[in-house]
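Asks: These are the residues of each chain, in order.
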Amino acid sequence: MASSAPADETHFIAHKGHFRLFGLTLDDCIKVFFGGNAVISIIVLALITYFLFREGAGFFGDNRRNLEVYRQAGLEYVDFIRAQQDDHAALTRYLSDLRVRQVKFYTQEKKLSLAEANAAVAGFDEFAGQYGDAVDPIRSLVSDLTEQATAIKEKFNVMEDKKTERDQLVAAGQPAAAAKVVVVPVDFVAELKPILGTLPAYRDASADFAKRLAEVVSAAPAMPSLALQDRLERFRQLNAEYLAGFPAVLRNLETWDFRKPVPAAQAFMSFLFGREWLTASFWQDWYGVVPLLVGSIMVSLVALVLAVPLGVGAAIYVNQIASPIEQKFIKPCIEFISAIPSVVLGFFGIAVLGQALRALSQVKALSWVPGFPYSERLNILTAGCLLALIAVPTIFTLAEDALNNVPRSFKEASFALGATRLQTVIRIIVPASLSGIISAVLLGLGRVIGETMVVLLCAGNRIAIPDFTAGLAVITQPVHTMTGIIAQEMGEVVHGSIHYRALFVVGMLLFFLSLAINYAAQRIVRRYRIAIG
Amino acid sequence: MDTLAPAPTPQPPAASVPAVSAPAILPAPAGEILIDIDQVDFFYGASQALHNISLQIQEKKVTAFIGPSGCGKSTLLRCLNRMNDLIDGTRVAKGSIKIRGIDIHRPDVDVIELRKRVGMVFQKSNPFPKSIYENITYGLKLQGVRNQARLDEVVESSLRGAALWDEVKDRLHTSGLGLSGGQQQRLCIARAIAVEPEVILMDEPCSALDPVATAKVEELIQTLRARYTIVIVTHNMQQAARCSDKTAFFYMGKLIEYADTRNIFMNPANPQTEAYVSGRFG
Chain C
1 MASSAPADET HFIAHKGHFR LFGLTLDDCI KVFFGGNAVI SIIVLALITY FLFREGAGFF
61 GDNRRNLEVY RQAGLEYVDF IRAQQDDHAA LTRYLSDLRV RQVKFYTQEK KLSLAEANAA
121 VAGFDEFAGQ YGDAVDPIRS LVSDLTEQAT AIKEKFNVME DKKTERDQLV AAGQPAAAAK
181 VVVVPVDFVA ELKPILGTLP AYRDASADFA KRLAEVVSAA PAMPSLALQD RLERFRQLNA
241 EYLAGFPAVL RNLETWDFRK PVPAAQAFMS FLFGREWLTA SFWQDWYGVV PLLVGSIMVS
301 LVALVLAVPL GVGAAIYVNQ IASPIEQKFI KPCIEFISAI PSVVLGFFGI AVLGQALRAL
361 SQVKALSWVP GFPYSERLNI LTAGCLLALI AVPTIFTLAE DALNNVPRSF KEASFALGAT
421 RLQTVIRIIV PASLSGIISA VLLGLGRVIG ETMVVLLCAG NRIAIPDFTA GLAVITQPVH
481 TMTGIIAQEM GEVVHGSIHY RALFVVGMLL FFLSLAINYA AQRIVRRYRI AIG
Chain P
1 MDTLAPAPTP QPPAASVPAV SAPAILPAPA GEILIDIDQV DFFYGASQAL HNISLQIQEK
61 KVTAFIGPSG CGKSTLLRCL NRMNDLIDGT RVAKGSIKIR GIDIHRPDVD VIELRKRVGM
121 VFQKSNPFPK SIYENITYGL KLQGVRNQAR LDEVVESSLR GAALWDEVKD RLHTSGLGLS
181 GGQQQRLCIA RAIAVEPEVI LMDEPCSALD PVATAKVEEL IQTLRARYTI VIVTHNMQQA
241 ARCSDKTAFF YMGKLIEYAD TRNIFMNPAN PQTEAYVSGR FG
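If you read the protein sequences in the order shown, they are chains C and P. Those letters in the first sequence? Residues 1 to 533, by this note's numbering. Those letters in the second sequence? Residues 1 to 282, by this note's numbering.
No lab work stands behind these hints, which were simulated from the structure alone. In this text, a Cβ means the ideal position worked out from N, Cα and C, and glycines have one as well. Honestly, I wouldn't trust all of these hints.
[What the hints assert, rightly or not] Some, not all, of what chain P presents toward chain C, calculated at C-beta under 10 Å:
1) 83
2) 85
3) 86
4) 109
5) 156
6) 165
Could you put the whole structure together from the sequences, leaning on the hints where they help?
Replies: So this is what it looks like as structure tokens:
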């Protein structure tokens with residue numbers, strides 16, 4: 001044995017690894033190829049995360065400066081008074097609503113003609129007119145102040161632009177040209193003087209305003225019915241609350257100081273809890289994510305409410321009840337839905353579903369459904385229905401996997417104890433696969449929250465928090481979503497502007513949401529595996 | 001749906017204490033024929049698994065089915081409570097299986113009721129991923145028993161019946177999957193007897209157990225025979241010899257010999273049986 005070994009050995013070595021590429025054998029090449037692929041995907045993920053954060057992180061500094069200018073240029077001061085004016089406008093709307101109700105009462109209950117009804121509410125009209133006109137002095141004050149504050153902000157913006165220009169010239173190595181750029185510093189103290197000078201005038205106007213409102217309301221005409229009288233009483237109450245808020249406004253104005261610094265946390269808070277997303281406005285831009293977040297969540301919730309019973313139900317049917325032929329038909333059909341491009345679904349949503357749902361909502365027999373009838377074709381409901389269609393394949397496939405993982409012996413044991421098929425499904429199969437089903441639902445949610453095209457096309461794109469006081473009818477209101485806003489606005493923003501960065505931060509938020517959802521789903525699945533043993 | 005109950009005394013459906021308390025087992029002397037298998041042919045799709053099997057199983061005896069793998073003994077066992085219905089493409093092509101004279105394949109036989117009367121214990125212990133208590137009460141709850149005292153009572157009596165009570169009485173509400181293999185199998189037996197069946201089918205109940213656990217289950221079978229008719233499929237010939245009264249030997253889907261256990265092992269009539277029980281093939 002030992003004597004023949006050396007010959008064999010050389011034989012082996014001579015023929016091992018004939019092929020070499022950069023000194024690597026074929027085996028090594030294959031290893032590098034596959035390893036490289038794995039590494040590339042990790043690198044790409046890291047790069048995406050890095051850029052998302054790099055572009056987004058600057059937002060908070062920008063937003064803080066944005067808020068500082070808001071304060072320094074006096075916009076905040078003016079907004080105190082403007083809020084007062086806006087609240088008054090809301091009360092005026094309440095009165096117009098009350099008028100509509102009265103006319104309805106006269107025409108429907110008392111069977112008066114429209115002209116007679118209008119005549120009957122003439123006294124009310126006069127009252128409402130007086131109430132509405134009372135705000136005029138305040139309104140003219142606000143409009144003057146608005147002009148002044150806008151002018152200050154404009155000056156500030158010009159200064160900032162000039163500074164940027166100068167800096168760019170310096171950076172480009174043209175100090176001579178840079179020196180020629182004139183930067184006019186804004187003297188906020190001097191600029192704000194005229195604005196702050198209006199305080200005594202406001203004090204008088206506000207006092208007069210309050211007195212006038214109290215007078216007008218005390219002389220309000222009586223209502224023709226008890227229900228309407230209740231509404232008027234409610235109005236009186238609201239008005240009293242409104243008037244009680246006046247001293248606070250005055251106090252805000254008196255103590256207002258443009259030098260007060262904006263805390264860093266507020267730049268963050270005004271994004272996360274800001275109730276307004278307002279861009280490219282002449283007055284002040286707000287980057288509050290709440291309307292978008294609420295929109296995304298509402299649409300996803302509606303989608304889940306529809307998709308969970310459909311997806312899980314179909315999975316239970318296919319896995320437990322269907323015959324092999326049915327299985328062969330149903331499974332590919334449901335899985336095919338995920339192959340439809342979402343933009344095509346969006347088309348379908350606009351052209352068919354939105355139209356059909358609206359027509360359905362106007363059917364008299366269905367008027368008991370909350371929110372029906374409605375006229376806005378594109379809304380939470382339309383988008384939610386389509387997103388449900390997108391979530392169903394995900395939920396179905398994963399839930400079916402979970403059901404499949406339930407050992408067959410559980411099913412047999414249950415049948416052997418005299419359980420019916422339904423009892424077995426409900427008492428054994430579904431509980432045993434519950435965590436798998438929950439994680440399927442979570443992954444469906446992740447799929448839905450990240451979906452863009454459908455919501456952009458079908459959610460209605462109104463940037464406002466939907467009116468939750470409407471109860472369930474809220475789902476017939478249009479919303480805008482986080483994904484939708486990024487897709488819509490990213491193409492139009494100036495690269496590097498605060499708006500651009502704000503969109504990145506919205507992207508970050510989405511990223512975190514998806515991450516959290518996926519993490520939760522994985523955790524649940526892991527626990528479930530242990531439980532089955 | 002008609003049930004298997006032969007007596008024309010239907011129980012009031014409103015009773016919160018159904019089948020279990022009522023004497024599901026009609027008083028019959030041991031040795032009377034309970035299950036009558038008559039010339040049964042059975043198919044999995046196109047392949048025939050059982051050929052013309054005729055066999056009579058006596059009440060309150062332990063009947064063992066032995067034979068090499070694939071000989072059809074498990075198939076026949078699963079025919080007795082129609083568990084084969086769960087497998088697509090299976091059918092009993094010929095012959096009949098009668099329990100107390102009623103053909104279990106008759107269209108008006110409720111298979112659910114049949115399975116309540118003919119319980120089953122599987123090869124691999126398969127407690128539900130629920131607590132021990134819930135495992136035992138599962139069958140009763142299916143029948144609508146909600147009375148807590150009654151459930152407690154059945155849990156105790158079933159666990160005692162399966163010789164498991166002393167081991168688990170302090171942890172009834174922990175998961176059944178936390179028990180050892182032998183305990184799990186006895187839990188499955190307790191679960192089966194909780195619904196008071198007449199017949200208990202055991203499909204190689206000890207094949208996954210160690211010798212100590214096997215001994216306990218065999219001991220249990222000896223005590224159960226006083227109350228239940230037991231049909232056991234086993235690969236272990238010593239087991240068949242130790243704990244059965246009658247033994248049936250199957251080979252290639254055919255019943256070769258069926259006789260008292262003593263005769264099968266000591267004095268087999270058929271040379272194939274002799275070859276098998278003496279270990280020359282199988």
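Asks: Hint validation: residue 83/P versus chain C, beta carbon distance must be below 10 Å. Holds or violated?
Replies: holds (6 Å)
Asks: Quick check on the hint: residue 85/P CB to chain C CB, less than 10 Å?
Replies: holds (9 Å)
Asks: With a cut-off of 10 Å on the beta carbons, see whether residue 86/P makes it to chain C.
Replies: holds (6 Å)
Asks: Using the nearest Cβ pair, does residue 165/P come within less than 10 Å of chain C?
Replies: Check failed: Cβ of residue 165/P comes no nearer than 20 Å to chain C, outside 10 Å.
Asks: If you take the shortest Cβ to Cβ gap from residue 156/P to chain C, is it below 10 Å?
Replies: violated (19 Å)
Asks: Given residue 109/P as an interface hint, is the shortest Cβ-Cβ distance to chain C below 10 Å?
Replies: Nearest chain C Cβ about 13 Å off; hint violated.
Checked against the numbered hints above, the structure breaks hints 4, 5 and 6 and satisfies the rest.
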